[in-house]
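Participant: Chains as they are written, first to last, in the working numbering: chain A, 6 to 203; chain B, -7 to 235.
Worth flagging that the hints you see were computed from the coordinates, not collected in a lab. Some clues are possibly wrong.
To be verified - Here are the simulated DSS-like cross-link-like pairs (lysine-lysine), alpha carbons at most 30 Å apart as the crow flies: (1) K73(A) to K77(B); (2) K64(B) to K72(A); (3) K173(B) to K73(A); (4) K222(B) to K79(A); (5) K179(A) to K190(B); (6) K116(B) to K79(A); (7) K222(B) to K72(A); (8) K173(B) to K72(A); (9) K12(A) to K114(A); (10) K73(A) to K116(B); (11) K147(A) to K176(B); (12) K97(B) to K179(A); (13) K116(B) to K143(A).
To be verified - From the derived model, a few chain B residues whose C-beta atoms are all more than 12 Å from chain A: (14) N1; (15) I3; (16) Q34; (17) L47; (18) P70; (19) Y82; (20) E86; (21) K97; (22) Y100; (23) F133; (24) D141; (25) I194; (26) L196; (27) E225.
These figures come from a predicted structure and were not determined experimentally. All residues carry an ideal CB built from backbone N, CA and C; glycine is no exception.
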Amino acid sequence: MKKEEIKILLIEKSDIIRKGLSVLLIEKNNTPLSIEQYNGDGDLLHYIHHASPKILIASPSFFDQNKKQISALKEKYQLLLVGLIYAFQDPDSLSSLDALIYINDRAEKVQATINELLKSYPTMNTHSSNEPLSSREKEILKLLVNGNTTKQIATALHISPHTVNAHRKNIMRKLDIKTVSGLTIYAVLNNIITLKEA
Amino acid sequence: MDLKIIAANDILANVIHSNYRVLVVLDRMGIKLGFDNKTIEQITRENNINTGAFLIILNIFCNNNYIPDVGKNFEFIPDFLRYLKSSHHYFLNEKIPAIQQNIHKLVYHLHDSRTDLVESFYNKYIEEVTEHMDYENETVFPYIEDIYDVFLKKSTISSPMAEYDISIYGEHHDDIEDVLKDLKNILIRHLPQKEQGKTRRIVLQQLFELESDLYSHTRIEDEVLIPLVKELENDLRPLISMT
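Model the full assembly from the supplied sequences, consistent with the hints where possible.
Facilitator: Shown next, in the form of structure tokens:
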């Protein structure tokens, strides 16, 4: 079967960085990629509609400034978001991104990051699967709907906040429920928590 | 589905035959049925509606892939506002309460205290939507009307323009949409299978209708009205510094 070309939209003002990263991504990548470059001028929304990329690479501040449009596009096109990091960033602002590329990353690292992301791509594309929640996911769901933050859950279960977030995304994908109050209803209906706890 | 773009010389009756949901759009713009074989252009003129603005609303409503281009057609603004205001009224006073009644009925007949959560989930949704639409009705739309008046030279620059700008507006459309999607999924996948299949089906149909109606509503705000107001702000800004 012919592999489908994956479109990446690279948004970056600096010509040197944008073109450099574009070359790095194309080199030695076993998935066929096509890279669209965009220097940030003009109407982004129209640009994305026309380019219809699967992956969007841009600085975290770009994602932050265009939060509303991006999340609508993410929903519509199942866009994957990759942050291009130059300097220290507030970790909270990065939590909505699917992967990160640091300006000091070696070429291999950058390629590995994108390959890892592409691996997850087919599953991200499908809607909720028919796998049931694992016992670990139920445990996390219970803590989540009881009002614990990601950090608190991580501490309680001795795992990293990043892992908690990954579980959380999987739970939401499997159940196709995105809000915590929606998850609460699911948890009560399935006796994961009692009505009193809700 | 690749849909044809609706144009000014199309016969409005035919548009309804190809997508009956546009009936609510006519209602919101005050167009009465019984218009024979008249074209969209004729009907909008008779009803004092801007044809260009009306076509954009219709096309967004009928086609999710339609990319509107409003340019600097500031004269579209009043009809966009008219449409948005009257759909707010429809959502808040007709559609959302009708769904509320059916959800109440559904939950009541399930005789399971756990399912009461579904009702409170929807009630919380109503609160959020109401708050959001009230904010638009009371703050955003009057602001747009004010600066449109400045554009028409009906009034001079006054305080609102200096204090507010349209980029402050918006943010939480997405959360509101998520709540609606979750509710649909809870009804489709997770609520126990007991009686009340019929009420459940009706609630779901209503939720799907509401969702798609809200979706085009949001697109008119985000892809048409807000960009247009930004352009207008840019054009008017030099006038502020002169005063």
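Participant: With a cut-off of 30 Å on the C-alpha distance, tell me whether K116(B) and K79(A) pass.
Facilitator: holds (25 Å)
Participant: Would the non-interface assignment of L196(B) survive a Cβ cutoff of 12 Å against chain A?
Facilitator: holds (14 Å)
Participant: Hint check: K73(A) vs K77(B), CA-CA at most 30 Å. Holds or violated?
Facilitator: OK: K73(A) and K77(B) at ~22 Å, within 30 Å.
Participant: With a cut-off of 30 Å on the C-alpha distance, tell me whether K173(B) and K72(A) pass.
Facilitator: holds (20 Å)
Participant: Far enough from chain A: is every CB of that chain over 12 Å from the CB of I3(B)?
Facilitator: The claim stands: I3(B) keeps its Cβ more than 12 Å from every Cβ of chain A (closest is about 30 Å).
Participant: If you draw a straight line from the CA of K64(B) to the CA of K72(A), is it 30 Å or shorter?
Facilitator: With a Cα-Cα distance of about 25 Å, the restraint between K64(B) and K72(A) holds, given a limit of 30 Å.
Participant: K222(B) and K72(A): Cα distance at most 30 Å?
Facilitator: Between K222(B) and K72(A) the Cα gap is close to 17 Å, so the pair holds against 30 Å.
Participant: Beyond 12 Å on every Cβ pair: is that true for E225(B) relative to chain A?
Facilitator: holds (16 Å)
Participant: Given the hinted pair K147(A) and K176(B), is their Cα-Cα distance within 30 Å?
Facilitator: holds (22 Å)
Participant: Could you let me know if the closest chain A CB is still more than 12 Å away from the CB of K97(B)?
Facilitator: Consistent with the label, K97(B) stays out of reach of chain A, its closest Cβ about 18 Å off (over 12 Å).
Participant: Does the claim that F133(B) lies outside the interface with chain A hold up, using a Cβ gap greater than 12 Å?
Facilitator: holds (19 Å)
Participant: Against chain A, does P70(B) hold up as non-interface, every C-beta pair farther apart than 12 Å?
Facilitator: holds (24 Å)
Violated hints for the displayed structure: none, as all numbered hints are satisfied.
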